[in-house]
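Enquirer: Sequence:
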Amino acid sequence: DISSKPYRAIDITYGLADMAQYTNSPRVQKIVDKHMSVIVNLENEIIIDQSINSSDDHMDGFGSSSLSSSSDLETCLSSKGTRLHQTTMGGFLCLAIKDELEVDACIINGATIKGNTTYHDNR
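The opening position of the sequence shown corresponds to residue 1 in the working numbering, with each subsequent residue numbered one higher.
Just to be clear, a hint being listed does not mean it is correct.
Listed next, the in silico DSSO-like pairs over lysine-lysine satisfying Cα-Cα at most 30 angstroms (straight line) [as the list claims (entries may be wrong)]:
| id | residue 1 | residue 2 |
| --- | --- | --- |
| 1 | Lys114 | Lys80 |
| 2 | Lys34 | Lys80 |
| 3 | Lys80 | Lys98 |
| 4 | Lys5 | Lys30 |
Just so you know, the hints here were simulated from the structure itself, not pulled from any lab data.
Kindly produce the complete structure, drawing on both the sequences and the hints.
Expert: Here is the structure:
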């Protein structure tokens, strides 16, 4: 039983070591490269494209930043593939949140948008 034994102090030493003296492990490098590929892909990813009607508050087919009615939408809403790319439903939700919070941008994780549907009548 460990609780009956008295505690004893231990010495811990630490420091920085020059790693140049060690050879790279191909196995570890393969793991690092796999995980870094995600970061490398993100470096070139366009998260917000402000070149689309940047003088207005338009976003991917939405005619107005005012979301007062579904007739404001110029395209049908779709939530298909929200985990893979930007969708009109994601843009619609971001626009609504952006307007409500009075902020410059909104980003939503696409996995939270369910449905995987195209809403042809915008309902």
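Enquirer: So, for every hint listed, does it hold in this structure?
Expert: Do the hints match the structure? See the list:
1. Lys114 x Lys80: holds (9 angstroms)
2. Lys34 x Lys80: Holds, at roughly 28 angstroms.
3. Lys80 x Lys98: holds (22 angstroms)
4. Lys5 x Lys30: violated (45 angstroms)
In this structure, only the earlier hint numbered 4 is contradicted, and the remaining ones agree with it.
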